[in-house]
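> So you can see what is in the structure, the chains are spelled out below.
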Amino acid sequence: MNPAVMWCAIYLGCLLIVGYGVAAVLIAPKSHLERFGVAACLGPGITALCLIALSMCGWGPSRPVIGLVTVIFAAGGLFLWKKQPPTLTQPDGGPPAPLWWIGLCLAIAAYGIFAVGLDALLYPTIEWDAFAIWQLKAKVLAVHALHPRPAYFDNVSLSYSHLRYPLLVPMISAGMHAMTGRLDDPWQKAPFLLTYLGLGAYVFAAIKKWRGPAAAAAAVALLMTTPVIVFHAGSGQADATLAAFCGGSLICILRWQRDGRWQDLILATMFTACLAWTKQEGLVLAAIDVAAVAALTPHPLRRRNLWAAAAFALAVAVLYLPWILYSRNLPRTDENYTQHLNLTELAAHLPRLPQIATGMAGELMSWVDWGFFWWMLPLTALLSPRRLLERPIWTLWILLICQLLAYVPPFMVAPWDLNWLLEMVLDRLFLHATPAAALLIGLQWPQLPRPAATADRPAPLVH
Amino acid sequence: MLGSAAVAIGLDVHKRFVIHQFKQRQLGCAQTDAMLRKASQGRGLFLRFSGQFRGTWKNFPCGAYYRAVYLLYPLPVLVGEPSQLINPHDGAEQIRQAANFDPDGAWLLRHGVPRELSYCYSDSGNITVTMQAAAPAPAPQ
Numbered sequence: 001m002n003p004a005v006m007w008c009a010i011y012l013g014c015l016l017i018v019g020y021g022v023a024a025v026l027i028a029p030k031s032h033l034e035r036f037g038v039a040a041c042l043g044p045g046i047t048a049l050c051l052i053a054l055s056m057c058g059w060g061p062s063r064p065v066i067g068l069v070t071v072i073f074a075a076g077g078l079f080l081w082k083k084q085p086p087t088l089t090q091p092d093g094g095p096p097a098p099l100w101w102i103g104l105c106l107a108i109a110a111y112g113i114f115a116v117g118l119d120a121l122l123y124p125t126i127e128w129d130a131f132a133i134w135q136l137k138a139k140v141l142a143v144h145a146l147h148p149r150p151a152y153f154d155n156v157s158l159s160y161s162h163l164r165y166p167l168l169v170p171m172i173s174a175g176m177h178a179m180t181g182r183l184d185d186p187w188q189k190a191p192f193l194l195t196y197l198g199l200g201a202y203v204f205a206a207i208k209k210w211r212g213p214a215a216a217a218a219a220v221a222l223l224m225t226t227p228v229i230v231f232h233a234g235s236g237q238a239d240a241t242l243a244a245f246c247g248g249s250l251i252c253i254l255r256w257q258r259d260g261r262w263q264d265l266i267l268a269t270m271f272t273a274c275l276a277w278t279k280q281e282g283l284v285l286a287a288i289d290v291a292a293v294a295a296l297t298p299h300p301l302r303r304r305n306l307w308a309a310a311a312f313a314l315a316v317a318v319l320y321l322p323w324i325l326y327s328r329n330l331p332r333t334d335e336n337y338t339q340h341l342n343l344t345e346l347a348a349h350l351p352r353l354p355q356i357a358t359g360m361a362g363e364l365m366s367w368v369d370w371g372f373f374w375w376m377l378p379l380t381a382l383l384s385p386r387r388l389l390e391r392p393i394w395t396l397w398i399l400l401i402c403q404l405l406a407y408v409p410p411f412m413v414a415p416w417d418l419n420w421l422l423e424m425v426l427d428r429l430f431l432h433a434t435p436a437a438a439l440l441i442g443l444q445w446p447q448l449p450r451p452a453a454t455a456d457r458p459a460p461l462v463h
Numbered sequence: 001m002l003g004s005a006a007v008a009i010g011l012d013v014h015k016r017f018v019i020h021q022f023k024q025r026q027l028g029c030a031q032t033d034a035m036l037r038k039a040s041q042g043r044g045l046f047l048r049f050s051g052q053f054r055g056t057w058k059n060f061p062c063g064a065y066y067r068a069v070y071l072l073y074p075l076p077v078l079v080g081e082p083s084q085l086i087n088p089h090d091g092a093e094q095i096r097q098a099a100n101f102d103p104d105g106a107w108l109l110r111h112g113v114p115r116e117l118s119y120c121y122s123d124s125g126n127i128t129v130t131m132q133a134a135a136p137a138p139a140p141q
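Going down the list, the protein sequences come from chains W and C. No gaps in the numbering here: position 356 of the first sequence is 356 in this note's numbering, and each next residue is one more. No gaps in the numbering here: position 118 of the second sequence is 118 in this note's numbering, and each next residue is one more.
If we strip away everything but chain W, and leave its shape as in the complex, we get (with noise of 0.2 Å):
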């Protein structure tokens, strides 16, 4: 066996036993697929994160380093699951759907795994902001330490690579590099791979507790199969694992509304911490996340919930706050978003809003980009319009909308040419959008009537 192909496979059993560690110890057991979900969502951004910190520290990645985190979160997972007590399960909501449906809707998955799984694990980099971007930063993590800080941070000449671009998705590929001991590995891809995957069985988890096996597979095969995420998961850039954690914050944020767990709130901290350090643009969905748990729960007044917005908020910021500090020095000679948004430049530039709506809905609407995906949203709420008084539903939609307008300020003062600019980067963004999208379809689905022996008889929970 190819050296580099066993610890390719050693890297990615690390990440996912990072993820289960968690795993373990905030789902509930039976629930395995969703285990497996956040396990490969979160595995590789706590991997990543925990990298950063030693990296910062002057431990760069390396097998030594990575195997020491890696016990580290199985032996704490182990620990605080033996001690975890029997929490209850929640049975599948919804009707059981036919054999059928399920392998037709696994087969339509199945194509999205295998073209995916072709860019990531056989195809070298070739996207202009994988290596460019993405992929450069990985090979500087993997020889460099970020202590002291390396001369790529201060190289005005490398400076389109966007020197203050967080490193959350290089620094996993460069634990890639630092495991099989190659700059130039053909397998820094792959765990945007086990990304995708997870965010798949997260989402496919979650809509089956609300609305049934048929209601999840029809929602996730479209997820899954989108040309825009099949383009970009295996690709080496950041915007579907920046996806795949917005999915989860989401999903975490919705189960907080419905049942105040603790342990959803701590899985919420995670997700919305990686995405702030995954691109700028997670930072506004961190923004977003922090107003949802404070306002969109059923009593946001109560003290209770304004404790947990505040934690929730100041968690993340702490989390985020090494970045702040390590790249407040660092030149500013890209965009400079912030310096821009600003009232003033935002009325000069409001004759670019009709440009700016017009792009964005001739991108919902292209079928070469999304296939009919944006268009099963509103016709899903149109055939169940009695769901859109259902509190998760109303939420992701003002998620949904709230994310999609954020956007629209940085378009307003971008510096580039805006209909070059729209053309690049609407698809990327649109893609970050999609698990909100993918579980509103899942929520929205409509249901076939049950047999009246069984219909609206609330199901029991079990242990």
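Among the clues, some could well be false.
Here are the simulated lysine to aspartate or glutamate pairs, DMTMM-like style, with alpha carbons at most 25 Å apart [what the hints assert, rightly or not]:
(1) C:K23 <-> C:D12
(2) C:K58 <-> W:D184
(3) C:K15 <-> C:D33
(4) C:K15 <-> W:D129
(5) C:K23 <-> W:E423
(6) C:K38 <-> C:D102
(7) C:K15 <-> W:E423
(8) C:K23 <-> W:D184
(9) C:K23 <-> C:D33
By construction, these hints were calculated from the structure, which means they are not laboratory data.
Following the hints, complete the assembly by docking chain C onto the known chain W.
Frame of chain W; chain C shown alone:
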């Protein structure tokens, strides 16, 4: 829903296995990578771009520079002075302006880029590629 999945899968199958879009891009990248490795020979590389790259080749200097930096890292790759700013939205223009920079062998050796790779775009749309090693300046007599 099935229509959406069919469209999505059909488009991907068409791109990957019918028009071989990914394979063509991989081949193009592989050719560029082979050229860069051959030019570098395990050492730092200076890239020169001359001529007015236009049409489908308009962004070639940018792409070649970004690719070289990624492929050869941690070896240094320069197109101009190390302090030359090449930022995301003006990179193509900045690299075009750097074409006026003509360092001698001593400069190249001093900055750790002893190998040169030149791309020259002619009016007929052809690109001529030359590789050479930097020669140190002759000792004063």
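> Can you confirm whether the C-alpha distance between K15 of chain C and E423 of chain W stays at or below 25 Å?
Roughly 19 Å between the alpha carbons, so the hint for K15 of chain C and E423 of chain W holds.
> So if I understand the rule, the pair passes when the alpha-carbon distance is 25 Å or less; does K23 of chain C with D12 of chain C pass?
holds (13 Å)
> Holds or violated: are the alpha carbons of K58 of chain C and D184 of chain W at most 25 Å from each other?
Cα-Cα ~28 Å, so violated.
> Are the Cα positions of K38 of chain C and D102 of chain C separated by 25 Å at most?
With Cα atoms ~22 Å apart, K38 of chain C and D102 of chain C stay inside 25 Å; holds.
> Keeping to a limit of 25 Å between CA atoms, is the pair of K15 of chain C and D129 of chain W held or broken?
Given pair K15 of chain C, D129 of chain W holds - Cα atoms ~20 Å apart, limit 25 Å.
> Measure nothing beyond the straight line between the CA atoms of K23 of chain C and D184 of chain W; if it is 25 Å or shorter, mark the hint as holding.
It holds: about 20 Å lies between the C-alpha atoms, which stays within 25 Å.
> For the pair supplied as a hint, K23 of chain C and D33 of chain C, confirm whether the alpha-carbon distance does not exceed 25 Å.
holds (15 Å)
> Hint check: K23 of chain C vs E423 of chain W, CA-CA at most 25 Å. Holds or violated?
holds (24 Å)
> For the pair we were handed, K15 of chain C and D33 of chain C, check the Cα-Cα distance against 25 Å.
holds (23 Å)
Consistency with the previously given hints fails for number 2 only.
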